[in-house]
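Each chain, written out:
Number of protein chains: 2
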Amino acid sequence: MDTLIQPRVLKGFRDFLPAAEIERDNLIEKLTAMFRSFGFVPIDTPVLEYTDILLRKSNGETEKQVFRFEDNGGRNVAMRFDLTVPFARFTAEHKDELYFPFKRYHIAKVWRGEKPQAGRYREFVQCDFDTVGSNSAASDFEILNLMKAALGAIGVTDITVHINHRGIFNRFLAKIGISEKSEDVLRSVDKLSKAGRDNVSQELTEITGSSDTAAAILSYIAGGTDFNSTLSIIENMAGGPAEDTQRMRDIHAMMEAAGIAGTYVLDPSITRGLDYYTGVVYETFLNNLPSIGSVCSGGRYDNLAGLYIKEKIPGVGASIGLDRLIAGLEQLNLTAQKGSYLDAEIYCLDEKNAIAYQKTAAAFRALGIAVEVFPDAKKINQQYTVTDAKNIPWGIMINNENITAETVTLKNLSTRELYEDLTVAQAAAKIKS
Amino acid sequence: MDTLIQPRVLKGFRDFLPAAEIERDNLIEKLTAMFRSFGFVPIDTPVLEYTDILLRKSNGETEKQVFRFEDNGGRNVAMRFDLTVPFARFTAEHKDELYFPFKRYHIAKVWRGEKPQAGRYREFVQCDFDTVGSNSAASDFEILNLMKAALGAIGVTDITVHINHRGIFNRFLAKIGISEKSEDVLRSVDKLSKAGRDNVSQELTEITGSSDTAAAILSYIAGGTDFNSTLSIIENMAGGPAEDTQRMRDIHAMMEAAGIAGTYVLDPSITRGLDYYTGVVYETFLNNLPSIGSVCSGGRYDNLAGLYIKEKIPGVGASIGLDRLIAGLEQLNLTAQKGSYLDAEIYCLDEKNAIAYQKTAAAFRALGIAVEVFPDAKKINQQYTVTDAKNIPWGIMINNENITAETVTLKNLSTRELYEDLTVAQAAAKIKS
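Protein sequence lines, in the order shown, are assigned to chains A and B.
Positions in the first sequence are counted from 1; adding 231 to them yields our numbering.
Positions in the second sequence are counted from 1; adding 231 to them yields our numbering.
Mixed in with the good hints, there may be bad ones.
For identical chains, the list gives no copy identity; a pair is met inside one copy or between any two copies.
The list that follows gives simulated cross-link-like pairs (lysine-lysine, BS3-like), each with its CA atoms no further than 27 Å apart [to be verified]:
no., residue 1, residue 2
1, K242, K295
2, K340, K295
3, K621, K583
4, K412, K422
The set of hints was computed from the structure by calculation and includes no laboratory data.
Note that the coordinates shown come from a computational prediction; the quantities given were computed from them, not determined experimentally.
Can you make the complete structure from the sequences, with help from the hints?
In structure tokens form, the structure reads like this:
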């Protein structure tokens, strides 16, 4: 006999057992329903792509993390590490088949060979939604509005979205004469919540060569007391009104009209350390668990597909980090524990009556009841153990007398109450009530 | 400036544009709902696994096709090529956390580096559903019943399921003295529909060394005129009644009780050329398009996880080939063409009224209407082109007078009928009716 192989998964990879997968599916279904109701449509792209397509614009850190190899045909291929680069390639490749503004959502796995640590996995799900082909404030607002609606749909209502505008920040940096260092400054500011003010101040002094400049930057990102006062402060520091500050006012007016302005804070310290954002940027925090970091982030970019086509396609989008969000919901006890989707179990009291059980199951299903038949005549306590593990609310017992009378006994599996001699229709009505 | 990269996907891989992805999601959602209503629960496993886990039992053909590589940590890893091997590993690894009989479905992508050809892709979706931990006829029947119910849920009602029992066939082969060649014989018989009777006869003569034996095998697989007569014939040829023929009678009785027996044909030529099946096996054909082959196949196995644990876990399951099925539905014009999930579009007549549009959108959404706001004040004909492409049924126009009066104009986008001066509630009622 062959030796046995130890069953195991790769480090950083996970199995999802039914309770966890039911919970994940439940969240994805609710998010999907909300994306659809806002007019977003699904697309799909391959998990494997040419390496030059995926990695051309990435930095060294990404290159080290990506799963890449030579396939049997000698092609350099890589597994996608996000959904943005494939979307850019997709939009460039199919732009004549799409209608613009094009609004898509894509919920799918991505892979990064990061060092596994708490809450970090090498295989994880991203939920992206973007509108491309419109540079309007209405599109910015729609994404921000949908972020709140989508998180609300999964019960995550106690959130704050921190928004900012990279353009205003860039004007400010130009005004104080450090434009050429803007990427380093943005990356440094992005670390504020993790690294703390003192460390960022020191780093900014090193980057800009001046502690005064560092102090000015820290003063800029401190902002004011509310949306309007902060906007006035950064507008002044950036040199006065312009399209970028008007954009923020337009977005804010739409939020007020929709009655959701209270969720959004203008926070000049939010930069998203990625260099492709050019307009509004945002991060979302759970008010009761800000420490886990942003659960939904994004922003506006002015050139989605520039690696592939000359045409500039502007867009705006956001991404929900589902694994981080689930971890947060678990800490806040906001996850549902569900072992199955069943309404009822028909217990197997005697295998000779298997045909009657199946016939009864068909009758219940025709009335919209989700039911299964226990397939083996195990001891009834063993059968109860299984239905308990699955959290099934109702049990159905059928004995020889029932078969003759075409009735069933219904049992409420939490209260243990029995309802005897019911027809299938009566039992179905009881289960639904 | 950098040269542009040609946007393209790998050979055998596909993008799914919205209409195709909406259709695929629609089918998956309906299948999922049916799996759940029969008590099956979802699981998920990693796309990447240790190569020794995935490939230990596979044949040379699979090894050549699998995408495998050495990861950055020096591990030999491979992308899953089916959902059965990962399920076996999963069941072995988590058997103490699961309840048996365990009924799972898994709908996910798998990868094989096959030569691309019509209807064959290197990345495709499998829909598997299995019950493990029960050796009952009730479990066999449940999978067969669910196959019909799941296909029926997606409008595929005109099907025939061909079923057979490997155990009866093996008894027959033993009786005629060619047990040791059973795998070769099964593989040869499995080619009957593709290769034709003459070719199979010749191959069987070569395998068995006797044209009389080949003729006996062909006579066995020809069967009789209906379920019962065929069962009597093969039972006799196999040496008389036994547990295997009783199993077929039990399953058939359950089908009759559930009123679905007409869909299932006992077909002794069905063998499923894979060596892990040990009991009932089946294939499903579209009556109007049998040429595309089986769209749902499976069977019973007696030792799911034998590579990993000593304990024998029996099971039964089936797999729907979603890509082949979609290809079939397209040929039969049974697919729905849908460009979005929207009920209505609020056109952008004047960007100055963007706030009013957003406010109205929020009011419609609160009444359960899926609506989007066109974000840019493009010419109205350009906006119509987009909403036509998305098959949106209703248009909503809001001008300055409407804003004052808190009304809208509703337009049926197929009949072009206009309904003027409606409140949001009146318009929502009209859209729903």
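Against the structure, the hints:
1. With identical chains, the CA atoms of K242 and K295 are at most 27 Å apart both within one copy (17 Å) and between copies (25 Å).
2. In this homomeric assembly, K340 and K295 come within 27 Å of each other (Cα to Cα) both inside a single copy, at 19 Å, and across copies, at 25 Å.
3. Only within a single protomer do K621 and K583 lie at most 27 Å apart by alpha-carbon distance; the minimum there is 25 Å, versus 55 Å between protomers.
4. Taking the closest pair of Cα atoms, K412 and K422 come within 27 Å of each other only inside a single copy of the chain (16 Å); across copies the shortest separation is 68 Å, beyond that limit.
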